[in-house]
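Enquirer: Now for the letters of each chain:
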Amino acid sequence: GAVVSQHPSRVICKSGTSVKIECRSLDFQATTMFWYRQFPKQSLMLMATSNEGSKATYEQGVEKDKFLINHASLTLSTLTVTSAHPEDSSFYICSANHRGLTEAFFGQGTRLTVV
Amino acid sequence: AQTVTQSQPEMSVQEAETVTLSCTYDTSESNYYLFWYKQPPSRQMILVIRQEAYKQQNATENRFSVNFQKAAKSFSLKISDSQLGDTAMYFCAFSAGGGAQKLVFGQGTRLTINP
Chain A
146 GAVVSQHPSR VICKSGTSVK IECRSLDFQA TTMFWYRQFP KQSLMLMATS
196 NEGSKATYEQ GVEKDKFLIN HASLTLSTLT VTSAHPEDSS FYICSANHRG
246 LTEAFFGQGT RLTVV
Chain L
148 AQTVTQSQPE MSVQEAETVT LSCTYDTSES NYYLFWYKQP PSRQMILVIR
198 QEAYKQQNAT ENRFSVNFQK AAKSFSLKIS DSQLGDTAMY FCAFSAGGGA
248 QKLVFGQGTR LTINP
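Residue numbers (the working numbering), protein chains in the order written: chain A, 146 to 260; chain L, 148 to 262.
The hints are simulated quantities; they were obtained by calculation from the structure and are not laboratory data.
Among the hints, erroneous ones may be present.
Mimicking SDA-like on lysine to any residue, the simulated pairs with C-alpha atoms at most 25 angstroms apart in a straight line are [said to hold, decoys possible]:
1. A:Lys186 to L:Thr150
2. L:Lys220 to A:Met190
3. A:Lys186 to L:Gln161
4. A:Lys186 to L:Thr167
5. L:Lys217 to A:Ser188
I would like the entire structure built from these sequences, with the hints used as guidance.
Expert: Spelled out as structure tokens, the structure:
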């Protein structure tokens with residue numbers, strides 16, 4: 146099956162700094178990737194849709210200047226949390242769809258802790 | 148907008164028993180897909196089963212089957228001969244049809260299989 150790799154799996158950063166999370170499709174090209182956020186014991190909430198070669202589409206309430214998304218190639222999307230604060234601490238998960246397929250393949254997730 | 152509702156926050160059964168997880172959804176789309184995802188303690192999202200709305204036949208994958216009631220907008224998951232490894236969070240999810248689409252998740256059901 147298709148593999149999506151997300152890195153890092155865990156990161157701790159100081160308040161006010163920025164942190165980048167990578168999402169790679171290892172064996173397929175993904176024109177669209179999705180970024181979700183999951184708070185403890187809650188469901189996944191879509192943050193944004195990342196489109197290769199164009200601007201990301203953000204969900205209502207998600208600050209695009211805080212959560213920068215770049216999808217520079219067909220196999221890589223990055224999420225940068227800028228000027229992180231403790232309330233940004235969460236589990237971030239990416240997913241990608243192989244062209245033409247409805248099944249989403251998920252990365253392993255990144256646990257971000259802002260101290 | 149689509150919504151997905153899982154009304155059972157937690158369920159617990161004995162090993163080898165059968166358990167059914169409930170899910171209802173709301174949409175005005177005519178072409179869509181429904182999914183059940185499993186999230187074990189590792190937090191890796193794993194696809195359990197998928198149903199295309201245009202198919203009347205209920206999907207099955209080994210011990211996992213669904214009861215898809217399109218008119219009632221209901222999509223329950225039945226796990227037969229439950230195993231300890233089935234212990235996880237289970238999320239029902241919806242995506243509109245037509246290529247790579249975002250997933251809308253339910254709140255999740257925490258399933259515990261007891262030995």
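Enquirer: What hint numbers does the structure not satisfy?
Expert: Of the numbered hints, all hold.
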